[in-house]
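Participant: Please put together the full structure from these sequences, using the hints given.
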Amino acid sequence: MIGQDAFRRMHVGALALCAIFLPWSTAFLSMSQMLLVANWLAWGIANRDLKDRAVRSFTWPPALVFMSFFGLHLLGLLWTKDLGWGLDLCRILLPVLVFSVVLASSPRLQAPDMRTILLLGAWSVIINMVISLLVRGSIATDHRELSMFISHIRVALLLCLAIVVFLRYARGPWWLRIAHWCAVVFAVYALDRLQSVQGFIILAAIAFIWLWRVSERWSRTVAVAMRVIMILVPGLLLVWASREVRAFRTTPLPENAGWGEFTSGGEPYTFDATNPQRESGRHVWTWIAWGEVERTWRMRSDRPLDGNDEQGDPLRGTLVRYMTSLDLRKDSVGVMALSDQDVRAIEQGSKNAAHDQGRGLRHRMDVVLLELGQYAAYGRADGHSITQRLEYWRAGLAIARRHWAIGVGTGDTQAAFDAQYVAMGTSLAPQWRHRAHNQYLTLWISFGAFGLLWSLFSWWWPAWRLGAWRDPLFIAWAITFGISCLSDDTIETQTGVTFFVFYYALLVFAAPRQGDQERPASNAPST
Numbered sequence: 001m002i003g004q005d006a007f008r009r010m011h012v013g014a015l016a017l018c019a020i021f022l023p024w025s026t027a028f029l030s031m032s033q034m035l036l037v038a039n040w041l042a043w044g045i046a047n048r049d050l051k052d053r054a055v056r057s058f059t060w061p062p063a064l065v066f067m068s069f070f071g072l073h074l075l076g077l078l079w080t081k082d083l084g085w086g087l088d089l090c091r092i093l094l095p096v097l098v099f100s101v102v103l104a105s106s107p108r109l110q111a112p113d114m115r116t117i118l119l120l121g122a123w124s125v126i127i128n129m130v131i132s133l134l135v136r137g138s139i140a141t142d143h144r145e146l147s148m149f150i151s152h153i154r155v156a157l158l159l160c161l162a163i164v165v166f167l168r169y170a171r172g173p174w175w176l177r178i179a180h181w182c183a184v185v186f187a188v189y190a191l192d193r194l195q196s197v198q199g200f201i202i203l204a205a206i207a208f209i210w211l212w213r214v215s216e217r218w219s220r221t222v223a224v225a226m227r228v229i230m231i232l233v234p235g236l237l238l239v240w241a242s243r244e245v246r247a248f249r250t251t252p253l254p255e256n257a258g259w260g261e262f263t264s265g266g267e268p269y270t271f272d273a274t275n276p277q278r279e280s281g282r283h284v285w286t287w288i289a290w291g292e293v294e295r296t297w298r299m300r301s302d303r304p305l306d307g308n309d310e311q312g313d314p315l316r317g318t319l320v321r322y323m324t325s326l327d328l329r330k331d332s333v334g335v336m337a338l339s340d341q342d343v344r345a346i347e348q349g350s351k352n353a354a355h356d357q358g359r360g361l362r363h364r365m366d367v368v369l370l371e372l373g374q375y376a377a378y379g380r381a382d383g384h385s386i387t388q389r390l391e392y393w394r395a396g397l398a399i400a401r402r403h404w405a406i407g408v409g410t411g412d413t414q415a416a417f418d419a420q421y422v423a424m425g426t427s428l429a430p431q432w433r434h435r436a437h438n439q440y441l442t443l444w445i446s447f448g449a450f451g452l453l454w455s456l457f458s459w460w461w462p463a464w465r466l467g468a469w470r471d472p473l474f475i476a477w478a479i480t481f482g483i484s485c486l487s488d489d490t491i492e493t494q495t496g497v498t499f500f501v502f503y504y505a506l507l508v509f510a511a512p513r514q515g516d517q518e519r520p521a522s523n524a525p526s527t
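Numbered by the numbering used here, the letters in the sequence shown go through residues 1 to 527 in order.
Hint data in this document are derived by calculation from the structure and do not stem from the laboratory. This one's a predicted model, so the numbers in the text were calculated from it and none came from an experiment. Even for Gly, the Cβ is constructed at its ideal location relative to N, Cα and C. There's no promise every hint is true.
With beta-carbon atoms standing in for the labels, derived distance ranges [as the list claims (entries may be wrong)]:
(1) R171 with D88: 42 to 52 Å
(2) R9 with A398: 45 to 55 Å
(3) V185 with T221: 43 to 53 Å
(4) A337 with W432: 56 to 66 Å
(5) R91 with A398: 43 to 53 Å
(6) W432 with T274: 46 to 56 Å
(7) R91 with L236: 38 to 48 Å
Facilitator: Pasting the structure below:
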C-alpha cells in the first residue's frame, strides 16, 4: 500500500512539474518528462505488470489512434529527401509517445490531483509574466521581448488556458476567489501587453461557446435573443474590420494631399499618391514641405532627421506620422507647433500622439492595418508578421495543390517552400522565407489531404470516444490549440508540442471521469 501510494504521488508530482515548467524551461520540462517515464517504469516493475501496461497502451484504440499521429510522421520519412530535418521533427514529437503511453496505461487522476496540476500550471504562467513585466516592462522596445523564457505566442496560449482554469476553480474561501479573479484580470492585462490579437480571439471564441451552451438553460425567448445577439456582434465586428482594412488600402487624392498648394513660406507641398499609410485615420505622406521641415527640425532637435529614433526606426517617418496624428501639415508652421514634449516623444520613437506607443492591443491593431496597407500598395511583407504569413500561405497553398495526395514528406517542407518562393518571385528577402505558419496547411503539405484528414481524426476521435468533448476545460483547451494552429506551426517546437500533447493526454486519458467503460479494466489502481 505504501509503495503503491508513493508511485502514485510521484506520478502526480511529475505531471505537476510538467505543468509548472512549461512556460519556463525546455530543459527542466524534459527532465520532468524523464521523471514521469522513470516512475512509470519503476511502477510497472514493482507491480510486475510493465509489459501489460505497454501492451495496453499500444492496443487500446483511443491511445493507439492518438499515437498514430506520431506514426504518420515516421511514415512520411519514406518519401522525404531531407532525412535530417524529418528525424529532428520526429524527435520533437516524442512527447506524443511519452504522455500517451504513460497516461493511457496509468490509473486516472483523482479530482483533487487534477485540480492541483492545472492550478499549478496556471499560477506558473502568471508568475512567469509578473517577472517578465517587472524586468522588461519598462525597457522592452517590442512586445516580443516581454516574454523572457519562451515564445510570446506560447505564453499567450498558456494565459488563455490559465484564465479558464482560474474561473473553473473559482469556488472556495473568499481569499482564494479573490486571488483567482485577480489572476484573471492580470492575465487579460498581460495578453494586452503582449499585443496578442490571437489571444483575445481565443477568449472571445471560448466565451461564445460557453454562452451558447449556458443559454440552453434559459427560457426560450431569452435564449433566442441572446443567440441572435451573439451571431450579430461577430458579424458587425467583421464588417467594421473589413471597412478598416479597406480604408488603410485607399490612397490619397491629389486634391486632398497638397497638389498645387504652397506653404506660407512659398515652398510647394509634395505628396505620395501611391502610399495608403494612415495615422489616426489621416494619410501620412501628404502636405509635406521637406525643405521647411528639415530646416525647422534642426531648430527643435539635435537628432538628425536622416537618422533613426531611439527605437531604431527612421526618424523622418516617425516625425511625419506623429505630426499626422496631430493633424498638422508637414511644414515649418507644423514643426514649430510641436511642444517640447512632442519633440522628445518623436525622438524616443513615438509615432502617434493619441496613445502610448508600443503598448496594448490597439497599437497592435494599428500596426496590422499599416502592414496590410503597405502590402496591398507595394507588396512589402519583410519583417511584418501578418503580411509575411500571407506570403507563406500563398506559397503553401501552391505546394499543397501540387502535392495534394501524399505531400512532400516529413522532412521536405522547407525545401518545397524554398523552391516555391523562387518560382513565384516572392518579394520576401531570403531571411524571411519561412514555412507555412499554419499547422493545418503544414500537415497538408507534408502528408497530403489524406494525411491532414487522418491527423484531425487522430486528435478528435479519442476525445470523442472517451467523452472529453463534454468537459468544459477540454473544450477551452481545444479552442485554444485549434485557433493557434491557424497562424503558427504549433507542434513543431518543443514547447508547442508539449502544450499540445501534455494537456490533451491529461484531459483525455488522465482526467477523472465517471463510467469510463472504454478504459481497460486492468488500469484500475492497484491495492
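Participant: Between A337 and W432, does the beta-carbon spacing fit 56 to 66 Å?
Facilitator: violated (39 Å)
Participant: Range first: 42 to 52 Å. Now tell me if the beta carbons of R171 and D88 are that far apart.
Facilitator: holds (45 Å)
Participant: Using the C-beta atoms of R9 and A398, is the stated range 45 to 55 Å upheld?
Facilitator: holds (53 Å)
Participant: Verify the CB-CB distance for V185 and T221 against the hinted window 43 to 53 Å.
Facilitator: The hint (43 to 53 Å, Cβ to Cβ) is violated, given that V185 and T221 are roughly 33 Å apart.
Participant: Take a look at whether the Cβ-Cβ distance between W432 and T274 falls inside 46 to 56 Å.
Facilitator: violated (23 Å)
Participant: Lying within 43 to 53 Å: is that true of the beta-carbon distance R91 to A398?
Facilitator: For R91 and A398 the Cβ distance comes to about 29 Å; the hint is violated.
Participant: Cβ-Cβ distance between R91 and L236: within 38 to 48 Å?
Facilitator: About 47 Å separates the Cβ atoms of R91 and L236, which means 38 to 48 Å holds.
The earlier numbered hints that this structure contradicts are 3, 4, 5 and 6.
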